[in-house]
Amino acid sequence: MSETRTSSTAAADQLVSRTRWRAFEVALWLSAVAVIFLLPSKMLLFTEIAILALFAISLDLVLGYAGIVSLGHAAFFGLGAYSAGLFAKHVFGDPTLGLLVAGLASAAFGFLTSFLVLRGSDLTRLMTTLGIALMLGELANRLDSVTGGADGLTGVTMRPILGLFEFDLWGRNGYIYSLIVLFVLTMLARRIVHSPFGLSLRAIKSNPVRAAMVAVPSNKRLVTIYTVAAAYAGIAGALLTQTTGFVSLDVLAFHRSADVLLVLVLGGVGYLYGGIIGAIIFTLLRDVLSELTPQYWMFWIGLILVAIVLTGRDRLTRLGSWRPARQAGGTR
Amino acid sequence: MLTILFDGIAYGMLLFILACGLTITLGLMNFINLAHGAFAMAGGYITVVLLNRYGVSFYLCLPIAFFAVAAVGALLERTLYRHLYDAPHLDQVLFSVGLVFMAIAAADYFMGGQQQLINLPDELRGRFEFMGADIGRYRLFIIGCCAVLAIALQLALTRTRFGSQLRAAVDDGRVARGLGINVPLVFALTFALGSGLAGLGGAIGAEMLGLDPNFPLKFMIYFLIVVSVGGTSSITGPFLAALLLGIADVAGKYYAPQVGAFVIYAVMVLVLIVRPHGLFSREGGR
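Those sequence lines, one after another, are chains A and B.
Residue numbering for the first sequence follows our numbering, beginning at 1 and increasing consecutively.
Residue numbering for the second sequence follows our numbering, beginning at 333 and increasing consecutively.
Rather than coming from a laboratory, the hints here were simulated on the basis of the structure.
Heads up, some of the hints might be wrong.
Heads up, incomplete: computed chain A residues facing chain B, CB under 8 Å, no partners named [to be verified]:
hint: 1; residue: G131
hint: 2; residue: R142
hint: 3; residue: D144
hint: 4; residue: L261
hint: 5; residue: Q295
hint: 6; residue: L305
Positions of the beta carbon are idealized from the N, C-alpha and C atoms, including for glycine.
Same shape as in the complex, but just chain A:
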């Protein structure tokens, strides 16, 4: 009796210790703040990183925690980008309200489409997510009276953030704004994945049958996390619109879905910060590569993908001992 009691408290301790802040997290956020003062000329690049990181975190919630392989995550990103743009253009240009609208729009769409990804195998999921993203892309292309079609949505003017901070030309306020959104949403995601809800997601991912046996309502859980992740992606898209003042069809393109997969894989799946670290690596890498070979950087990205897969993702992420320890076979 006492034995089971100690083992259960040990397990509880272990779960609690997982939620503690780690040194690398603090360092990461501090350096994110530090670049505002250290590298003021690179603000636009860092804004891009912050947005991509948020997008990748969204995918991590779906892929890393719920185990749904999605090839069409750009659908939510694009939907958020367009709804933020249209809202600012036709209704009201307040950024924070725009974020909320974009998040809600994407969440609603995510909720509706989540029922489609519940069915079938990995392949069916891939196909449905891909198909939905393509459909949205095609729709945005055809509805050119609303979205501007291939020319993109122009004329999005944003009001100052909270009525106080203007989006400046150097992107400083834009970066701070994106960073705050990223921080808040990452903390929220942290709460989600460490909550009993997040643990039940992991259970579903590693063994759906057993999860069902301990009474985890797997479909409900998957719908919820898919909706949350869609909202995250929508907010990331809205941030892009608001900081650039422009939306193009590119936000819904296939390569965006593929890129974000790569970002997540670069950083490591299933621990949230993978998205942020991957976004940093990916954006810097692309910056360097596209300077070296402007037209053909895609080749190197492809090569990196192939190399990562062939060396084994697990081995890659196990390299750094500064990474939080995790049990073997956790990533799939």
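Chain B: place on chain A using the hints.
Quick look at chain B alone, frame taken from chain A:
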């Protein structure tokens, strides 16, 4: 009307030849190979180079494209793909997307980003009237070629020793190995055959589908539709799916150009919702 039907059939037949290799790798071997279009593109470019730069006869180009791409496919299978048969699907997706990116950039580097034109031999150009339908000679050629190939494939899969070895290897690899079938070899040959067919399809289809570095991405979704809608339990399923898709696409572009590709994606998603294993698959299939 008949012309549209005819063009649609030609288009569908072409899609079938392009996608049937994917049916095997994806459906039978359960490997998500998004890079299939890259093989087709390779076949197309081989034909363009041979035909336009070296003046090789078009009829000779087609088998060359087939064998060259099959060789490339076999090589890649032995060196890269083989390691990933048992990998999680995410790895397979990442790997093949990486290959696609590399293929696109490489094609752009060597051939330039513009559309490639194919100079068909004279006897394949032009159109003629037949029973009120306007029939392109080249379309007829495509239908003829693809029909022969489809029948040959079906016979090969059901009647030959290799076909039954393949089916055995797919159904239960361990037992097949126990019976003395060299399963890796069978898979490698099958993969080569599938890539070769894609190359051949790319060569034949370069004139009709257009050929530029974005080919693998542009048609990836079509191949996937054929396979996922057609199901993977037989060759006839994808064949019918390809025909349907071809006719629907051509008719859709003709009658409702504003709607465009939207309908096709919508239909695919719907089919996947209603029948996750494909329209023509047996119940309880993989």
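Consistency of the hints with the structure:
1. G131: Hint on G131 (chain A): holds, closest Cβ of chain B at ~4 Å, below 8 Å.
2. R142: 6 Å, holds
3. D144: It is violated, given that the least Cβ distance between D144 (chain A) and chain B is near 10 Å, above 8 Å.
4. L261: 6 Å, holds
5. Q295: This hint holds: Q295 (chain A) lies near chain B, its Cβ roughly 7 Å from the closest one there, short of 8 Å.
6. L305: With Cβ-Cβ at 3 Å, under 8 Å, it holds.
Of the numbered hints given earlier, the model fails hint 3 alone.
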